[in-house]
Amino acid sequence: MADFIIDDIVDITDVVCPTTFVKAKVALEELDDGQILSVKMNDGEPVQNVPRSIKEEGHQILKLIDNEDGTYNLIVKKVGD
Amino acid sequence: MAVDYATLKKGGFMRQKQKNNFSLRLRVVGGNLTAKQLAKIAEVSDKYGDGYVHLTSRQSVEIPFIKLDDIEEVKNTLAEGDVEPGVCGPRVRTITACQGQAVCPSGCIDTYALAKELDDRYFAMELPHKFKFGITGCQNNCLKSEENDLGIKGGIKVDWRESDCIGCGVCVKACRQNAITLKDGKITVDKSKCNFCGRCFKACPTDAWDTVHGYIVSFGGLFGNSINKGETIIPFIEDKEKLMRICDAAIKFFADNAKPSERFKFTIDRVGKEKFEEKILEAYNG
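From first to last, the protein sequence lines stand for chains A and B. Just so we're aligned: the first sequence equals residues 6 to 86 in the working numbering. Just so we're aligned: the second sequence equals residues 849 to 1134 in the working numbering.
In isolation and in its complexed conformation, chain B is listed as follows:
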């Protein structure tokens, strides 16, 4: 019987140089695995692989040297530990994320919850080519959001609240954009310089800022054979509902317009940036 490599690849089985050996990619969301999952992965790699795993560049785990004949057994064993095969090929790939607000003091958004939500919504969705989501919690950009076809970066929109301000001046220095000035006890924020990093709010001793936690979304990032930094269309997206509409619109644009094996950036370029922006603004405005 001929081996259906396309189906295997869809199920996360990457063909190795070594005949009849596969590196099995696992479904990991937002870079987190439970102890139970890890124990099962260790067991499978020992029993069916070569006793080790590979950590991929996009937060997945692969178990190399899985034998073709063991595939069903391996899948069943992994399922006992809540582990599933991941995906490769022309579809929505692993949703990557930093630890975000739940754990990291710098985080502006709950990256893991968002990764789960996007994974539930789009996992393995068939598309003309690969499509990568990456979520980073803040401007430190540990997760390199602009490398992704669709990158999401957490941000905080601030408005000074005079009633709670003690005029200490900490925010003026915490701001790396030099957007804040303090004069006669009054704070002024140059909104054209603000990059929504939220450092003023996080450093403020009295939390004298009204804040909106939101998203900075970039489109068309690439970091493989071609390199391109994803570009932002809307400076700041205030709520998740809008964010989801925008993600839907971006994926739909890709599904409707891309040629097979064409990455998102090249579809946007070929069809026209203006046309794409129109779709995104439509989704934003609802």
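So that you can see chain A by itself, here it is in the shape it has in the complex:
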């Protein structure tokens, strides 16, 4: 499974839309190009929408991991500055 090395982790389960995406975006901004972020998010609205928003920002999504506790980890590779 671990075909990627996580450089940073952000937990967005403590915020609601639209702050979910904002928090993930800020975390991505702090990374260098090519680094990998794991974004922990809640089931429902965040997992429905945040991956798409991150894609639309131009980053590369590698995997969505179901933690089987009502949360998911989205593995994202930062693209661009």
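Any given hint might turn out to be false.
To be verified - Sample of chain A residues facing chain B (criterion: CB under 7 Å; computed from the structure): (1) Val-27; (2) Lys-30; (3) Val-31; (4) Val-52; (5) Gln-53; (6) Lys-60; (7) Lys-68.
As the list claims (entries may be wrong) - Derived SDA-like pairs: lysine to any residue, alpha-carbon spacing no greater than 20 Å straight-line: (8) Lys-60(A) x Asp-1055(B); (9) Lys-1031(B) x Ile-70(A); (10) Lys-60(A) x Thr-1059(B); (11) Lys-82(A) x Gly-1017(B); (12) Lys-68(A) x Val-1020(B); (13) Lys-68(A) x Gly-1017(B); (14) Lys-1031(B) x Leu-67(A); (15) Lys-867(B) x Gln-885(B); (16) Lys-82(A) x Asp-1012(B); (17) Lys-1034(B) x Leu-67(A); (18) Lys-68(A) x Thr-1029(B); (19) Lys-45(A) x Val-1020(B); (20) Lys-30(A) x Glu-73(A); (21) Lys-1041(B) x Asp-1058(B); (22) Lys-1034(B) x Ile-70(A); (23) Lys-1034(B) x Lys-30(A); (24) Lys-1031(B) x Asn-72(A); (25) Lys-60(A) x Lys-980(B); (26) Lys-1041(B) x Gly-49(A); (27) Lys-858(B) x Ser-905(B); (28) Lys-30(A) x Pro-953(B); (29) Lys-68(A) x Asn-1026(B); (30) Lys-60(A) x Cys-952(B); (31) Lys-68(A) x Ala-927(B).
Think of the hints as simulated: they come from the structure by calculation, not from any bench. All residues carry an ideal CB built from backbone N, CA and C; glycine is no exception.
Chain B: place on chain A using the hints.
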């Protein structure tokens, strides 16, 4: 000379409570106005109206308190800013649209281009009663397509493309219909659940879907004295040529069968849903 209210109304002049005052409805297509148009509208409302405009419930603009004697002058002045009077009464009304694919990330179709095309084709066409078109870009339905006599909703038909899929599972969660399952790296879509929202495709990191952008059309919507949600006959219409044939057939059915002042829904009910469906399927199949 007697005032010909019917002609005035046809030209978008709505009689006000205040004698000899008219609220002038303007021709707006798909909810867009240029800066040039807005400037001219502001000028006219200031000079000939009461210095304000009213935004109608269906994306038009009305300039209230236009005086009967000024009508020709007002029309000529508006024309300088590419603005024309709109329509009221028994005819095809303002074609409404959301911003659609050209601007909105959720849009599945170019709603404005389609609104322009329908406006060119049907603007002010005389019919037994009013006939409203509304175009919404996606399942979010910001423009409430089913309220209209003929509602058009953008959609995306998807087919999974295995070669580009990385098996990340994002689409499974993006789908609000629970139509998608991922098992052993393979995606299955339950087509009976798919509502053509396109969220799987839009969320997919590698665009691993073959897509057809198309239309979901509803007929007989009403949201006035009577309320009815327009109904769909064909689940998904794949191309614009077919869509236009269907619009033509629906309008023809209304023109041929409706009684004066009868809305589309009641014509369909009276003449028979089966007969109407037959006409629509005929148009679809060409």
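Worksheet entry | Status of the hint placing Lys-60(A) at chain B (closest C-beta pair under 7 Å) | holds, 6 Å
* Agreement of Lys-1034(B) and Leu-67(A) with the hint, judged by alpha carbon distance not exceeding 20 Å -> Answer holds: Lys-1034(B) to Leu-67(A) is near 16 Å, not above 20 Å.
With the threshold set at 20 Å, check whether the alpha-carbon distance from Lys-68(A) to Thr-1029(B) stays at or below it.
holds, 15 Å
Notebook entry, point to check: Does the alpha-carbon distance linking Lys-45(A) and Val-1020(B) stay inside the 20 Å limit?
Noted result: Status holds; Cα separation ~17 Å.
Straight-line alpha-carbon gap Lys-82(A) to Gly-1017(B), limit 20 Å: holds, 16 Å
- request: Given the hint that Lys-68(A) pairs with Ala-927(B), test it: the Cα-Cα distance must not exceed 20 Å.
  value: violated, 57 Å
Quick one, are Lys-82(A) and Asp-1012(B) close enough, alpha carbons at most 20 Å? OK: Lys-82(A) and Asp-1012(B) at ~17 Å, within 20 Å.
*asked:* Run the distance test for Lys-68(A) versus Gly-1017(B): straight-line Cα separation, threshold 20 Å.
replied: holds, 7 Å
Practice task
Could you check if Val-52(A) really has its C-beta closer than 7 Å to a C-beta on chain B?
Solution key: holds, 4 Å
- Classify the hint on Lys-30(A) as holds or violated, based on whether any CB of chain B lies nearer than 7 Å to its CB. Hint violated; Lys-30(A) Cβ to chain B Cβ min 15 Å, cut 7 Å.
Would you check the hint for Lys-30(A) and Pro-953(B), treating anything up to 20 Å between C-alpha atoms as holding? holds, 18 Å
- [ ] For the pair we were handed, Lys-30(A) and Glu-73(A), check the Cα-Cα distance against 20 Å.
- [x] The given pair, whose Cα atoms are some 24 Å apart, is violated under the 20 Å limit.
Checked against the numbered hints listed earlier, the structure breaks hints 1, 2, 3, 15, 20, 23, 25, 31; every other hint is satisfied.
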